[in-house]
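Undergrad: Residues per chain, in single letters:
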Amino acid sequence: MSILTVVLNIVVIVLISFGVFFFATGTVGFLRFPDFYSRMQATGKCDTLGVVLSCTGVALYALHDGLSLGNILVSLKIMFIAVFWFLGGPTATHALLNSAFKSGILPWTKDGKAIIEWPPK
Amino acid sequence: MITPLENIIIKTLCRLLIPFIQLFGLYVIVHGHGSPGGGFQGGCILAASFVLVVVAFDLPEAKRRFSEKLNNIFCSLGVFIYAWTGWMCLLLGANFLDYGILNKILPVNPVMARYYGMFSIEVGVGITVMAIMVSLFLDLVTGGKHEEALDE
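These protein sequence lines are chains A and B, in that order. The opening position of the first sequence corresponds to residue 19 in our numbering, with each subsequent residue numbered one higher. The opening position of the second sequence corresponds to residue 5 in our numbering, with each subsequent residue numbered one higher.
With the rest of the complex left out, here is chain A:
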């Protein structure tokens, strides 16, 4: 096992660990937060970062056996998933939140009083 492989393994382990950490916090936020908006905030942000970090880790691990054409192709495909998720995930969250606000779901407050008036005059 060469020193390069060891370094690669360490980087992969760190990236995937952070990815799993963000997935876990996103799930906790989804389960524990009180209303739609804060839940979407938790899942939207954490899922995006989790997917990007995990996919980068897996893409680096695909180069583990050396830089052959097949390995680079697999790695590139995984990175495409990360890039498209990075573009699409936040936009999907934005669209969901936007339509939720337009259809009149009010943000949660502790004392139950609405902080904004709906429908707007």
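Some clues are possibly wrong.
[Stated by the list, open to error] Derived DSS-like pairs: lysine-lysine, alpha-carbon spacing no greater than 25 Å straight-line:
id, chain 1, residue 1, chain 2, residue 2
1, A, Lys63, B, Lys15
2, A, Lys63, A, Lys95
3, B, Lys15, B, Lys67
4, A, Lys63, A, Lys120
5, B, Lys149, B, Lys67
6, B, Lys108, A, Lys120
I should point out that these hints are in silico values taken from the structure, not numbers from a laboratory.
Guided by the hints, dock chain B onto chain A, whose structure is given.
TA: Chain B in isolation, oriented as in the chain A frame:
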């Protein structure tokens, strides 16, 4: 009737992503006989890109790009390709969809004739699935009355 969503973020991103989605759909169709995927899955991805156009822009814009008439032609075109690939084999003296015999009219050996036969089947299935999915989506979204919903 879908109400158009005036949102610059979603519109810009859809304009950016839809070509890549369609490219991926074509990739899934043409790699269907070598890797996971195939005509049905690729056709569904192509149809999803069209659904994204309808969701991000609006129905008249989507119909301007890909009209109902063209869609109906594509519905039949895929079945036509599929059926005639099968019938060519039958006419050349083998069973229905027994592609090996196609080497009589294609300048290749029987193995590659099988390859191209499968490929044309996948293309036919992909075109039909895309057109039927788009047709179903338009039926659902307009309540079954296409042109009337446009005129409103």
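Undergrad: Determine for every hint whether it applies to the structure shown.
TA: We went through each hint and held it up to the structure:
1. As the CA atoms of Lys63(A) and Lys15(B) are separated by approximately 21 Å, the hinted pair is consistent with the 25 Å bound.
2. A hinted pair counts as satisfied when its Cα atoms are at most 25 Å apart, and Lys63(A) with Lys95(A) qualifies at roughly 23 Å.
3. Between Lys15(B) and Lys67(B), the direct Cα distance comes to roughly 17 Å. Compliance with the 25 Å bound is thereby established for this hinted pair.
4. Taken as a hint, the Lys63(A) and Lys120(A) pair is honoured in the structure, with Cα atoms around 21 Å apart against an allowance of 25 Å.
5. With a CA separation close to 14 Å, the supplied pair Lys149(B) and Lys67(B) stays within the 25 Å bound.
6. Proximity of Lys108(B) to Lys120(A) is assessed by CA-CA distance (about 63 Å); at most 25 Å being required, the pair is judged violated.
When held up to the earlier numbered hints, the structure conflicts with hint 6 and nothing else.
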